[in-house]
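**Q** Fit chain R to the known structure of chain F by using the hints.
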Amino acid sequence: MKQFFVFVKKEFRHIWRDKRTMFILLGMPVVQIVIFGFALTNEVKNAKIAILDPSHDVASQELITELNASRNFDVEANLHSYKEIESSFRAGKIKLAVIFPAGFAEDLQHFNKAQIQLIADASDPNVANTLTNYASAIIMDYQNRVTYDRKLPYTITTEMRMLYNPQLKGAFNFVPGVMAMVLLLVCTMMTAITIVKEKETGTMEIMLVSPMKPIMVVLAKAVPYLVLSVINIGSILLLSVFALEMPINGSIVLLVFESILFTLVSLSLGLLISSGADSQQSAMFISLIALFLPTIMLSGFMFPVENMPLPLRTISNIVPAKWYYSIVKSVMIKGLGLGAIWKETLILSGMMVFFLTLAIKKFKIRLA
Amino acid sequence: MRTLKFLLQKEFRQIFRDPSIIRIIFIMPVIQLMILPWAADYEIKNINLAVVDQDHSEYSRQLVNKITASGYFRLTGYGSSYPESLEQVERDKADLVLEIPPQFEKDLVKEDEAKLFMALNAINGVKASLGSAYMRSIIQDYNRQVRLEWIQFPRFNPELSIDVTSSNWYNPLMNYKYFMVPGILVILLTMVGSNLTAINIVREKEIGTIEQINVTPIRKHIFVLGKLIPFWLLGLLVLTIGLTIARLVYGIIPAGSFLTIYLFAALYLLAVLGLGLLISTYASNQQQSMLISFFIMMVFILLGGLYTSIDSMPEWAKIITHFNPVSYFIEVMRMVVLKGSTLYDIRFHILAMVGFAVVLNGWAVFNYKKRS
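Protein chains in written order, with the working numbering: chain F, 11 to 378; chain R, 4 to 375.
Rather than coming from a laboratory, the hints here were simulated on the basis of the structure. Keep in mind it's a predicted model, so treat the numbers as computed, not measured. Wrong hints could be hidden among the right ones.
[As the list claims (entries may be wrong)] Short, incomplete list of chain R residues facing chain F, as computed with Cβ under 8 Å:
id: 1; residue: A131
id: 2; residue: R150
id: 3; residue: S170
id: 4; residue: N171
id: 5; residue: Q291
id: 6; residue: M293
id: 7; residue: F298
id: 8; residue: P317
id: 9; residue: M338
id: 10; residue: I353
[Said to hold, decoys possible] As a list, the in silico DSS-like pairs of lysine-lysine whose alpha-carbon atoms are at most 30 Å apart:
id: 11; chain 1: F; residue 1: K209; chain 2: R; residue 2: K13
id: 12; chain 1: F; residue 1: K179; chain 2: R; residue 2: K118
id: 13; chain 1: R; residue 1: K372; chain 2: F; residue 2: K55
id: 14; chain 1: R; residue 1: K372; chain 2: F; residue 2: K209
id: 15; chain 1: F; residue 1: K29; chain 2: R; residue 2: K372
id: 16; chain 1: F; residue 1: K207; chain 2: R; residue 2: K208
id: 17; chain 1: F; residue 1: K344; chain 2: R; residue 2: K96
id: 18; chain 1: F; residue 1: K58; chain 2: R; residue 2: K180
id: 19; chain 1: F; residue 1: K179; chain 2: R; residue 2: K48
id: 20; chain 1: R; residue 1: K48; chain 2: F; residue 2: K58
id: 21; chain 1: R; residue 1: K13; chain 2: F; residue 2: K207
id: 22; chain 1: F; residue 1: K344; chain 2: R; residue 2: K118
id: 23; chain 1: R; residue 1: K208; chain 2: F; residue 2: K209
id: 24; chain 1: F; residue 1: K103; chain 2: R; residue 2: K180
id: 25; chain 1: F; residue 1: K179; chain 2: R; residue 2: K321
id: 26; chain 1: F; residue 1: K353; chain 2: F; residue 2: K372
id: 27; chain 1: R; residue 1: K321; chain 2: F; residue 2: K103
id: 28; chain 1: R; residue 1: K180; chain 2: F; residue 2: K179
id: 29; chain 1: R; residue 1: K208; chain 2: F; residue 2: K374
id: 30; chain 1: R; residue 1: K223; chain 2: F; residue 2: K207
id: 31; chain 1: F; residue 1: K20; chain 2: F; residue 2: K353
id: 32; chain 1: R; residue 1: K69; chain 2: F; residue 2: K123
id: 33; chain 1: R; residue 1: K48; chain 2: F; residue 2: K353
id: 34; chain 1: R; residue 1: K223; chain 2: F; residue 2: K29
id: 35; chain 1: F; residue 1: K179; chain 2: R; residue 2: K96
id: 36; chain 1: R; residue 1: K208; chain 2: F; residue 2: K20
id: 37; chain 1: R; residue 1: K13; chain 2: F; residue 2: K93
id: 38; chain 1: R; residue 1: K96; chain 2: F; residue 2: K353
id: 39; chain 1: R; residue 1: K48; chain 2: F; residue 2: K55
id: 40; chain 1: F; residue 1: K55; chain 2: R; residue 2: K321
Glycine included, each C-beta is placed from N, C-alpha and C at the ideal position.
With the rest of the complex left out, here is chain F (with noise of 0.2 Å):
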């Protein structure tokens, strides 16, 4: 046991005397929770939009006045010909164009009806679809208000509750997110990558021809980013509920255990790649492309797992992020105990014990 301390404490050595490499282990997290819980939302906000109104009477500019107060839009040009309006799409300055009739007031107040059209740059589906919503939703506003705003007979209301999120902020749905893949990239990443540099220098051979059984050898790289992981997890936690304002509704005992529980699943995915690759370089390729995109692409923080088409769905399974992710947002956020999670908590421990064997099994104690 002792011995096996002494190899924990050199490759703190390693780590610790490499200051760029800990720096960015320890402020990775810092960044990646500022740039999801503050820059990064789905939401569409302050999209360009531009007018033709050749009316040019109060009710076209009442309603200008009304898009332009949204926080949806910007008002950033004012067009003067049908023609422009393909130019300035293809300078890719708006992302929509509000087309009055001319002689809009004259329509609604002799013809009761009156015509706009909405030209959306449809380039990104999504934001098209959401900016004509958003658009329309203002216009039958309007035009509301001015019909008239005497109650209705027959009127079914609505009373809605947005649970969990009352204030629909994103950082709810990134951070379990992040957390996911910091843990992974700190343990799978690094420690395979540490195991096949001294694969590439030589340095395995020496260790291996000591007295410490080579499994132990190879363990004792994991323990110190275990250690770095723990405070990896802490500062994602202190900087969510002081920075971003979130809650921590469930029990942090267990939420620091089930992330433990994951990083073990990640180390021993570390050794499980470290044993198969046989350079840095492959090392690192293998965990961004087996490890690292399907953790953004399939555990569900970025984009909806239900939409995905079937073989996706199933491969997202076997992606130890996606039931670290539910957990997380089980406990933290919908504070339910161990009862709601027990399945997701056993799917990782059976994740763990079947890597570290076969990374156990597939590491070669033999010198080449």
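**A** Coordinates of chain R only, in the frame set by chain F:
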């Protein structure tokens, strides 16, 4: 010039004799382009709906039918009570609970006003707000239908109406893959370009072969050029593979000219390769340079506007995107492929990219020291 030729020969041999690089160059585009566009779809549909119908009336049934017929919602079941359905939300079986209180029909007809109660899982805020918007418009629609049944509107309708017609340009079928694929091509070039070069020079440092080069009369800029050109060509090759896949698998044919795409891609590659070189002149081992390039690329890609729109970002993040080559290229790719923008339309992007290329490569040459 002759030294450059020999250097290039050496680099190409090194690349083609390393099977892992070849694998990366050919497998990455295929995997990324075959899988990512299918996974990356934000469209909100299939919202799981649990209904608590305590009224069991004709009207409540009509309403539920109307909701399920809309195509946005998938009825997962009827709950007997609100708490029971809430548990479905906790277990992620349902996203939305609609409670129809007892006497809904009676209240609506007799009291002129009836209430519905809706609770949504809002952890994913966008899904919740869109789900509630869909729901509301369906309910309003239903409301109008009911009103028409009971009230005879006068023949001449006094209600004002503004007709909104909308059209979708550049992608009338609203195919999300048309939007994602050009962006993913950018990520591909970025990963190949920056990662490979970042590792390349450091690898020579680590193995010690850089010393051998340092003692030759090779000039600094020639050495950097020798590293740059092979990967620049490889990048263009990857782009070609990517465009071919986009055409064969997704049927995407750029609306603009290939010349514009390749010209900009060539400039872009110079900039990213420069970044990779710069990183590798600073890093002292492969692990470090991988981490640094990974870190920078992650920030660039996330803030590049591939997944989320740049317009929606806060001011400080928008300022960062001005210094982010990835966001320029993503924008240009989408403009040229989908809208057919011309060189004139993207003139400022080109200018910015030339700037990036000059600064990053100049810095890299400056920072590469032949003394250790």
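**Q** Hint by hint, say whether it matches the structure.
**A** We went through each hint and held it up to the structure:
1. A131: Holds. Min distance 6 Å.
2. R150: holds, 5 Å
3. S170: holds, 5 Å
4. N171: At 4 Å from the nearest chain F Cβ, N171 of chain R passes the 8 Å test, so the hint holds.
5. Q291: holds, 5 Å
6. M293: holds, 5 Å
7. F298: Given a least distance of 5 Å, the restraint on F298 of chain R holds.
8. P317: holds, 6 Å
9. M338: With Cβ-Cβ at 5 Å, under 8 Å, it holds.
10. I353: I353 of chain R check fails; min Cβ-Cβ to chain F is 13 Å, beyond 8 Å.
11. F:K209 <-> R:K13: Cα-Cα ~26 Å, so holds.
12. F:K179 <-> R:K118: holds, 27 Å
13. R:K372 <-> F:K55: violated, 47 Å
14. R:K372 <-> F:K209: Holds, at about 29 Å.
15. F:K29 <-> R:K372: Since the Cα atoms of K29 of chain F and K372 of chain R sit roughly 21 Å apart, the hinted pair holds (cutoff 30 Å).
16. F:K207 <-> R:K208: It holds: about 14 Å lies between the C-alpha atoms, which stays within 30 Å.
17. F:K344 <-> R:K96: holds, 14 Å
18. F:K58 <-> R:K180: The hint holds at about 23 Å.
19. F:K179 <-> R:K48: Holds, because 20 Å separates the two Cα atoms, which is no more than 30 Å.
20. R:K48 <-> F:K58: Judged against 30 Å, a Cα distance of about 26 Å means the pair holds.
21. R:K13 <-> F:K207: holds, 25 Å
22. F:K344 <-> R:K118: holds, 27 Å
23. R:K208 <-> F:K209: holds, 17 Å
24. F:K103 <-> R:K180: holds, 22 Å
25. F:K179 <-> R:K321: Roughly 20 Å between the alpha carbons, so the hint for K179 of chain F and K321 of chain R holds.
26. F:K353 <-> F:K372: With a Cα-Cα distance of about 29 Å, the restraint between K353 of chain F and K372 of chain F holds, given a limit of 30 Å.
27. R:K321 <-> F:K103: Measuring from Cα to Cα gives roughly 15 Å; hence the hint holds.
28. R:K180 <-> F:K179: holds, 27 Å
29. R:K208 <-> F:K374: holds, 28 Å
30. R:K223 <-> F:K207: holds, 29 Å
31. F:K20 <-> F:K353: violated, 38 Å
32. R:K69 <-> F:K123: The hint holds at about 28 Å.
33. R:K48 <-> F:K353: holds, 27 Å
34. R:K223 <-> F:K29: Given pair K223 of chain R, K29 of chain F holds - Cα atoms ~28 Å apart, limit 30 Å.
35. F:K179 <-> R:K96: holds, 22 Å
36. R:K208 <-> F:K20: Roughly 24 Å separates the two Cα atoms, so the pair holds.
37. R:K13 <-> F:K93: violated, 55 Å
38. R:K96 <-> F:K353: Holds - the C-alpha atoms of K353 of chain F and K96 of chain R are around 15 Å apart, at most 30 Å.
39. R:K48 <-> F:K55: Holds - the C-alpha atoms of K55 of chain F and K48 of chain R are around 21 Å apart, at most 30 Å.
40. F:K55 <-> R:K321: Measuring from Cα to Cα gives roughly 13 Å; hence the hint holds.
Going down the numbered hints, you'll see the structure goes against 10, 13, 31 and 37, while the others check out.
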